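One letter stands for each residue in the lines below.
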Amino acid sequence: MRRILANPYAPAFALAVVVVMVPLLVPSPFYLRLATLVFINALVVVGLNLLMGYAGQISLGHAAFFAMGAYASAIGPAHLGLPTLASMLAGIVLTGVVAYGVGKPILRFKGYHLAVATLGLGVIVSIVITNEIAWTGGPDGMQVARLWIGSWRVSGVANWYWVAGITLIVAMLGAANLLSSPTGRALRAIHDSEVAAGVLGIDVARYKLLVFVISAIYAATAGAFLALFDGHVTPVTGGILRSIEFVAMAVLGGLGSILGSVLGAAVLVVLPQALTSFHEFEHAILGAILMVLMIALRRGVIPSLQSWLLRGAA
Amino acid sequence: MSAISVEHVSIRFGGLVALSDVSFDVPPGEIFALIGPNGAGKTTLFNVVSGVYACTDGRIRFNGKTITGALPHELARKGLTRTFQNLQIFFRMSAAENVMVGRHLHERRNPLLDFLGLPMVHRQNAESRKLAEELLDLVGLSGLGDQPAGELPYGVLKRLEIARALATRPSVIMLDEPVAGCNAVETAEIAHVIRKIAGSGMTVMLVEHDMGFVMTLADRIHVLNRGMTLAEGTPSEIRNNPAVIEAYLGTAKPGETSRAHG
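Heads up: the sequence lines are chains D and F, in that order. Heads up, the first sequence is in full-length UniProt numbering, so the first residue is 1 and it goes up one at a time. Heads up, the second sequence is in full-length UniProt numbering, so the first residue is 1 and it goes up one at a time.
Among these hints, one or two may not hold up.
What the hints assert, rightly or not - On the chain D side, residues computed to face chain F include the following (Cβ under 8 Å):
hint : residue
1    : T167
2    : G184
3    : V199
Said to hold, decoys possible - Each computed BS3-like pair below joins lysine-lysine, with the alpha-carbon atoms no more than 30 Å apart:
hint : chain 1 : residue 1 : chain 2 : residue 2
4    : D       : K104      : F       : K130
5    : F       : K130      : F       : K65
6    : F       : K78       : D       : K110
Just so you know, the hints here were simulated from the structure itself, not pulled from any lab data. In this text the structure is predicted, and so the values were computed from the model without any measurement. Ideal placement from N, C-alpha and C gives every residue a C-beta, glycine not left out.
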């Protein structure tokens with residue numbers, strides 16, 4: 001048991017099983033669509049967890065990067081005549097560059113100060129999207145052209161389920177690889193003691209920036225997927241509330257747990273759907289469930305369950 | 001040429017003068033101790049030399065080159081590292097991983113290759129892990145590699161910090177109270193380790209309150225009091241220096257000094 005729990009690749013393997021099993025068990029488009037949304041959100045949260053759970057740096061603005069990926073995929077074909085695939089890739093790269101530029105000055109801050117600075121980023125991007133009506137369609141949002149990869153028209157839930165699922169598996173494998181490498185050890189060292197990391201030769205500012213950019217790229221990829229999957233984007237895609245949701249997913253599933261990221265995303269995507277029958281009480285019940293979960297499993301679902309299982313096995 | 005030269009270093013925090021015109025030289029391979037009463041400025045001086053603080057005035061040279069104002073990671077790259085008085089352990093990592101972090105500068109570290117998890121990354125991990133085990137053996141922590149650092153006792157963590165610092169392969173290592181809170185056996189083991197690394201040509205600077213430890217280990221001792229140099233010399237010179245005795249014990253009657261340091 002201990003060995004399975006300690007294996008860094010176990011979460012990606014577990015997810016691969018889930019990705020294959022879901023279409024066999026619940027083949028309805030409704031569930032596949034829900035699963036696709038879980039994968040897309042989980043992609044953001046895995047990246048955010050590298051930043052928050054491993055390197056210990058908070059971001060309350062990751063929906064900004066999510067929105068940049070989404071709007072780049074929409075704006076490229078609509079306004080610049082670019083192929084969708086090229087716009088998506090350019091959008092992801094551009095988001096990485098923006099994250100670098102923004103991260104450089106603000107990652108010197110810590111804790112609450114960094115939280116507010118990243119929140120500011122989220123506010124700015126959200127306002128730009130709402131107001132640049134000529135480019136973004138303003139509050140109404142805009143249509144997104146379909147994605148073509150060669151002669152393959154990537155559309156509909158049957159295609160996007162697999163694209164999002166496989167990308168998430170790759171992203172999780174990459175995260176696991178990173179964590180058991182010099183780069184990952186540097187990030188984890190920064191979390192526990194920046195001053196000790198420094199005297200051992202780790203360029204703390206550089207590694208913080210690196211993980212910020214990586215997490216922004218994860219978010220931008222997920223944003224692009226959501227826009228292309230839905231076929232339209234609105235400012236809600238990149239709103240402040242979404243940033244908070246991503247953080248809630250990471251914390252709920254468990255900071256420092258890749259599997260927790262996926263679980264946190266699953267809970268916060270699926271639960272509102274399951275609670276729709278409660279009508280106006282839906283959000284109150286959702287909030288209550290989240291509070292109970294955090295009180296009962298205060299380190300997040302997965303880390304709490306892991307230590308409980310390990311105690312049982314010992 | 002001195003391994004470390006501290007030249008007229010002063011540092012002020014607002015109105016408080018923490019260090020005032022402190023100078024000394026540490027030749028390569030020497031065990032050089034800084035002592036002084038609480039608040040004398042020993043750890044502040046360590047922080048200035050290791051780049052954690054920037055000094056207000058003065059200059060610091062490392063192997064002849066000026067390093068004043070350099071950041072800790074830049075100094076580590078040049079071969080200067082340290083441990084901390086209040087432990088700065090990576091508590092969420094295992095003991096071996098803590099030491100592996102110290103290998104950072106000597107590892108190939110390309111984020112893209114790391115992300116892809118290529119076989120050479122895993123080979124390098126295995127190599128770093130092996131070297132970490134060797135350093136754990138050196139400081140007397142054999143077999144503790146897989147223990148989460150957060151669950152290890154204080155005396156063990158003190159030695160873990162030394163192993164981690166050694167992993168950077170420094171030419172100068174600065175140990176801030178390496179035996180504070182350690183029992184007699186652990187203190188003897190750490191003294192043995194320090195002798196061994198100094199014997200290999202490494203320069204050791206240390207701050208320590210355990211006078212028995214300092215007197216038997218140090219080649220030379222520099223005494224600070226209220227941010228200023230009080231004396232410098234060999235252990236026997238310092239032991240018999242009236243100014244030092246007064247700073248530690250207040251004005252002493254001549255007959256009592258030998259007992260106080262006995």
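Report the numbers of all earlier hints that the structure fails to satisfy, in ascending order.
1, 4, 5
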